[in-house]
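There are 2 protein chains.
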Amino acid sequence: MERTPRERMVYSAVQLVRTRGATGTGVRDVVAHADAPRGSFQHYFPGGKDQLVGEAVLWSADFAAARARAYRATARKPTPSGLFAHMARQWKDEFTERGFDRGCPIMAATADLVGTGSAVRAQLTDGLDRWAAAVAEELVAMDVPPRRAKRLATLMISTLEGAIMSARLHGDVAPLTTVVTELAPLLDG
Amino acid sequence: MERTPRERMVYSAVQLVRTRGATGTGVRDVVAHADAPRGSFQHYFPGGKDQLVGEAVLWSADFAAARARAYRATARKPTPSGLFAHMARQWKDEFTERGFDRGCPIMAATADLVGTGSAVRAQLTDGLDRWAAAVAEELVAMDVPPRRAKRLATLMISTLEGAIMSARLHGDVAPLTTVVTELAPLLDG
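First to last, the sequence lines map onto chains G and L. Per my numbering, the very first residue in the first sequence carries number 1; after that it's consecutive. Per my numbering, the very first residue in the second sequence carries number 1001; after that it's consecutive.
Since the hints were made in silico from the structure, they are not lab data. Mixed in with the good hints, there may be bad ones.
Unchecked claim - Which chain L residues face chain G? A few, computed with CB under 8 Å, are given here:
# : residue
1 : T1023
2 : G1026
3 : V1027
4 : D1029
5 : R1102
6 : A1111
7 : V1114
8 : A1119
9 : L1124
Just so you know, even glycine gets a beta-carbon here, dropped at the ideal spot from N, CA and C.
Based on the sequences and whatever the hints tell you, model everything.
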């Protein structure tokens, strides 16, 4: 199924924010990257760049949440450490196949928008919460008590985000492998 | 001791990158923030903005490394979990006293520069390595075997970075408290 121009613009915004940050991503760049008709931007995004970046952030969060939810069906015996490895593998695969130019869009937009009073902060917080809720729900489905599941979701997402940063700086997936190995006994304990 | 104009410009660059990201930080903003003489920028930073941001990144990394090294003298019985709590406390104190506008400059510059082929990548990687080496050295001084110390340093810094992001998005230091509590048994185990 082909993406509509509107969908393509959201997807392009995700990819450009991941590479250049939100401040470095201009609306014209997004329209060109999406191969969208000139002048269509205002039609689809009357709220301007903030609306586009906000939607890009939520799209990314839902993608990450779906990734977490997909794990259980792939595992013979699902475990919290298996879930974390599954989340990290998405990034290891991406870095291995496509290089290290693209990081996490939530981290990128947080880094350059939250300190400036941007309206996109609402979507960033909402996105992170949706992702964390999905991870916590999966942990509960593996019999982790709900309060602990919420805490472990915070730990897992925090650690993953920092390891993504470290992997990009080193041009090496090793930091992701290290945190997956080190956290495993704690997550399954 | 008063800072020189050059030192003030590096410090101002750190603060602005933390708030707006590297792309959002202009040389003019830095000169104004530092209250430095107009025209002095080129004199002190012939390598332009890349040189300034590169020095800002290394200044920040050395600050973080010094923070890690300062812990042992403050603790009656130093432990790896105590070191991690000490690293996180710097951020809890900062967020509590000065608000959540300022994040980690290494994360901010990584997010918007690494994907664009920026020359600052070398200082970012070097800075992260210096910080991780300081943390690992401190762990070794607490009798953690060197190879494990290196792995735990990667885990601690990754988790701290992600928790900083989460704390900023929620305007709440709780994610930092959560990761410190959750990692403690693993770090001391």
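Taking the hints in turn, this is what the structure says about them:
Residue-level restraint check for T1023(L) holds (minimum Cβ-Cβ distance to chain G is 4 Å; threshold 8 Å). Using the Cβ-Cβ criterion of 8 Å, the hint placing G1026(L) at the interface with chain G is not satisfied: the shortest such distance is roughly 11 Å. The beta carbon of V1027(L) is not positioned within 8 Å of any beta carbon in chain G (closest approach about 15 Å), and the interface hint is therefore violated. At about 12 Å, the closest approach between the beta carbon of D1029(L) and any beta carbon in chain G exceeds 8 Å, and the interface hint on this residue is violated.
Hint on R1102(L) holds. Least Cβ distance to chain G is approximately 6 Å, under the 8 Å limit. The interface hint given for A1111(L) holds, since its Cβ lies 4 Å from the closest Cβ of chain G, which is under the 8 Å cut-off. With a least beta-carbon distance of about 5 Å to chain G, the hint placing V1114(L) at the interface is held under the 8 Å criterion. The interface hint given for A1119(L) is broken, as the beta carbon of that residue sits about 14 Å from the closest beta carbon of chain G, more than 8 Å.
With its C-beta approaching chain G no nearer than about 5 Å, L1124(L) sits inside the 8 Å limit, and its interface hint holds.
Violated hints, in rising order: 2, 3, 4, 8; the structure is consistent with all others.
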